[in-house]
Amino acid sequence: MSFHPEVPSRPSEVMAAAGSYARPESTIEGIDGPVELRAARDGYLQVWPRPEPEALSTLYAEDFYDRDHSDFLASKERDRPYWNAIWSMRRSLMEAALPSARRRILDVGSSGGFFLDHCRNHGWTGVGIEPSRRAARWATERYGLEVFCGGLLDFPATDPGSPRFDAIHSAQVLEHVLDPDAFIERIATLLEPDGVVYIEVPNDFNVLQRIARRRLDKRAWWVAPKYHLNYFDFDSLSRLLARHGLFEIDRLSTFPMEMFLLMGEDYVDHPEVGAACHARRMAFERSLIETGHLAELVRIYRSLATASVGRTCGILARHRQA
69 MSFHPEVPSR
79 PSEVMAAAGS
89 YARPESTIEG
99 IDGPVELRAA
109 RDGYLQVWPR
119 PEPEALSTLY
129 AEDFYDRDHS
139 DFLASKERDR
149 PYWNAIWSMR
159 RSLMEAALPS
169 ARRRILDVGS
179 SGGFFLDHCR
189 NHGWTGVGIE
199 PSRRAARWAT
209 ERYGLEVFCG
219 GLLDFPATDP
229 GSPRFDAIHS
239 AQVLEHVLDP
249 DAFIERIATL
259 LEPDGVVYIE
269 VPNDFNVLQR
279 IARRRLDKRA
289 WWVAPKYHLN
299 YFDFDSLSRL
309 LARHGLFEID
319 RLSTFPMEMF
329 LLMGEDYVDH
339 PEVGAACHAR
349 RMAFERSLIE
359 TGHLAELVRI
369 YRSLATASVG
379 RTCGILARHR
389 QA
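Numbering (our numbering), first residue to last: 69 to 390.
Just so you know, nobody snuck in bad clues.
EDC-like cross-link-like pairs, simulated, lysine to aspartate or glutamate; straight-line CA separation at most 20 Å: (1) K286 to D337; (2) K144 to E130; (3) K294 to D337; (4) K294 to D139.
What follows is a list of derived Cβ distance ranges for each label pair: (5) A363 to E333: 28 to 34 Å; (6) R311 to G342: 33 to 39 Å; (7) V275 to R311: 23 to 29 Å; (8) G342 to T126: 24 to 30 Å; (9) E209 to D136: 20 to 26 Å; (10) F223 to G332: 42 to 48 Å.
Hint data in this document are derived by calculation from the structure and do not stem from the laboratory. Heads up, the beta-carbon is just placed ideally off N, CA and C, and yes, glycines get one too.
Construct the entire structure; sequences and hints are all you get.
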């Protein structure tokens, strides 16, 4: 079996020129071939060259839900009991960090409005931002939610005297955006002082991925530059947030799906295996949450985050103005 070297191993380990885009940091074999990655200021990795803004806008306004992920919204609807269980974990963390009277939320990348609807069912009010016209219609027509169809940077500016948001949630979005710095800066301007933000991104180049890649002699299947332009770990995400006055108060991972690969279940090359693995992961999480053991699941995922393993990086941060 060929054990090829890992390039890069972790974002923090390829920061030879942190803050500079002057030279390539590495080339890695991604899902569709070789991909050039460069280290950004905070240590996360970025695909180069960057796509044109107009092409990216079309991709998410039209292609993402209409062509490439045409069953996504219906699938999310079918799995609502599972997602409601997961969202109860995130919502409870945000609620614990806020006074009880503050329950106004902005969901950036709100998809079909599922998380917003969940929050509304638990006493929150809120607004969504979603670039896909199809997904935005799903949210407004099925759930009667307020959704701005466009990108975060196009969202109407908040007047100085008008209320901002007590909480902002953005899951599986930051890895897609052209300018993560501008994205996080905009979030900070929309958040009340002492408000909280929950950002979740894939935990890519984590140690289990790297072991599985070497053990199974696979390409870096998680490097998918058509959609994922940025690759974070916990520390690089935390640094990016802190530069904009958003200081980490908690971090959680999610189920380490790569464990299935290391146990012989190859979901990378066999999508039907992936579906079965995902179903088992959902059963595990629902078993804990629906039997009243949400706190135990949170502790497990905090522990995984401490070890920098698990499929995602989730950081809860508080807005502290200078």
